[in-house]
Amino acid sequence: MGFASASNPGLDKSSGIFPSLILVQGNEQRALLLDHTPFTVGRKVDKDLVIADPRVSRDHALITTEQGAFFVQDQGSKHGTFVNGQKVERQKLQRNDRLEFGVRDGAYVIFHPVHGVSNTAAREFLSQISGLQISTDTTDLEKLTMFLDAARKLNTTGVLDEILVTVAETTLKLTHAERAFVFLKAEDGSLRLAAGRNSKGEELIDDTTISRSILNEALTSASEFLVTDTSQSLDLAGRRSIVAYDLRTVISIPLRKPQVQAARRDGQFPQASAPAGSDILGALYVDSRFASRDISSVSNDILRAIATEAAQLVENARLVQAEDEARRYQQELAIASSMQQGLMAVHIPEVPFARMAGRNLQCKEIGGDFFDAVSTEDHFAVFLADVCGKGVSAALLASTLQGMVYSHLVARMPLAEIVAAVNRFFTSKHLGEKYATMIIARISPQGELEYVNCGHVPPLVVSSQGVTRPDVGNLPVGLLADASYESARLQLQPGDRLILVTDGVTEAENARGDFYDNPRLEEVAARSSSLDEIFTSVADFCSGTPLNDDCTVVELVYTG
Amino acid sequence: MNLKLESKTAGGVTVVRCIGRIIFGEEAAALRASLKNILSTSKKILLDLSDVSYIDSGGLGTLVGVYSSARAAGADIKLTGLSQRVRDVLQITKLVTVFEVYDSEQKALAAFR
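In order, the protein sequence lines correspond to chains D and A. Numbered as in this note's numbering, the first sequence ends at 560 without a single skipped number. Numbered as in this note's numbering, the second sequence ends at 673 without a single skipped number.
There are no misleading hints in this set.
Every beta carbon over 10 angstroms from chain D, so not counted as near; a handful from chain A, in silico:
hint, residue
1, ASN562
2, THR574
3, ILE598
4, GLU660
5, ASP663
6, ALA670
Pairwise CB distance ranges, derived in the manner of DEER restraints:
hint, chain 1, residue 1, chain 2, residue 2, range
7, A, ALA633, D, GLU509, 34 to 42 angstroms
8, A, ALA593, D, GLU203, 41 to 49 angstroms
9, D, ARG412, A, ALA593, 41 to 49 angstroms
10, D, ALA411, A, ILE579, 42 to 50 angstroms
11, A, ILE579, D, ARG412, 46 to 54 angstroms
12, D, GLN446, A, GLY580, 47 to 55 angstroms
13, A, GLN651, D, GLU325, 41 to 49 angstroms
14, D, GLN321, A, ALA633, 38 to 46 angstroms
15, D, LEU431, A, ASP648, 20 to 28 angstroms
16, D, GLN321, A, ASP663, 54 to 62 angstroms
17, A, SER594, D, GLU187, 24 to 32 angstroms
18, A, ALA589, D, SER530, 38 to 46 angstroms
19, A, ILE579, D, LEU204, 51 to 59 angstroms
Honestly, the hints are just simulated from the structure, not real lab data. Remember, predicted model here, so these are calculated numbers, not experimental data. For glycine and all other residues, C-beta sits at the position ideal for the given N, C-alpha and C.
Can you build the whole structure from these sequences, using the hints too?
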């Protein structure tokens, strides 16, 4: 008999026509299909459900159906049949009813539980265990072990909130307390209420009546738990409780981060291996009014076990949650990255008087280099930008920048006005120290080149006379709100090439720490006829040392 | 953490000597925090970058940010000790037109008077 899992055929079939019975025995459960009636239950081996326990009669009970409803019928058994703790002769069955045959603390059956995957079944199981009556100390521990086993299995698919509620409920059952609160340590170190239940099963969301001083005392001590009463409380909750004859016994159980440690000897408190408080995950706060129930004599073994296992649960649940979040973040990042790839895919316009090529080498999955080209009636424009930084924030800024410049070029705005508008946008948005260096170059069919350089590596003009570096420049965009910008012009001859690069090229390093630098760039630009040659030259120079910044090269040839 | 900051006072000016790299991350943050502190008591600051081997785009952004904060607080920041590399970066980005740069500490201190 194995633990129910998603691959258990019984559970799969339960989503069909027949109701299912979940048999819970020890720390295992099994699903049975109520696919025929009468369904027999007893100790005899030919029964549909055989329970091998001497207290179960050989022909103990039947489950029958009548006009679509199901009934359990006791067959005159020696020890009786129980539905939800009540002894019955014949009873109509409701969903989630708990059936016991002859024994009150052994195997039991849940009738027609809520459909769902194993996670739900495990949760059912868990809540059923916590609903068991606890009669003796040894049985306490057995039940606790079952709970812990089930809860650990739940960990692989469970969600933190559900687990916390289960911890609260189970702690209530095991301690017979009236109220249980689960606190988790928040990012700022304070304890936040994460789950609260009372013995009636009601949710508790108000933690104003708990004694924070008692809670803190438990946390700052090195002990596994603290049993006290509110007359010892240093705060208002305690004083109020005394006045209102509402004295409560309080058990506070710190939940400490599980550590690999040697088995503790009985009666010994664990060694505090880290400064008190640094390993706290949260705390359990359990209380009962003196008047109603005395919980001060709850077995230390149980409290100790709760302390250890609840902490393990919380830690595991948080790890699972963190993994989920990390996975989701990676997915978002992948989406953003592919979007950026889309934006970066430059559609190079065809014009009769110029030819353009561009290539970008990204060294991270998402970055801040980009280039684009716009062709209008009377001009062909190309622009290259390098947003400071890497990662998502740089990419975000880059995309915004690209959109602004592209649309301004389509609207045929003067270059200096375009960059001034971009600068105004970014400096007014107070993005911190985020800025971009940028070059926009626009060429006419007659070869008139106008360019504006905002803090960027100066462009190269390769002509029959050699390589020149037009050096009119401005501040980067996004850095200083009151910056002013000016463009410059020059005349190109047919065959002249304009080359734009980002500083990832000039600052590419080799193993010795030398930079690729401008002289090499000018030299390879003069003799090469393609972008690839420039990239190859950089790669040869670095010979194995990885790039630490994106490299982009754009070439515009005026053909005339 | 690749940046060390040492400050001293000379002729009423707080001289901050930067040693290492001014780059994105801890280093830029350290510079920012340190200058913010100094600005609360001093209106004349000289950044000595003689031992700064490298400034990246993030470091540059912080330098400008720090400069803007200073101006907003009515203070003045001047630079000295620029290596060729750092000078080139400031040249390309035209930040040489924004910052006042001096060849030596003496010249810079004189300019404050």
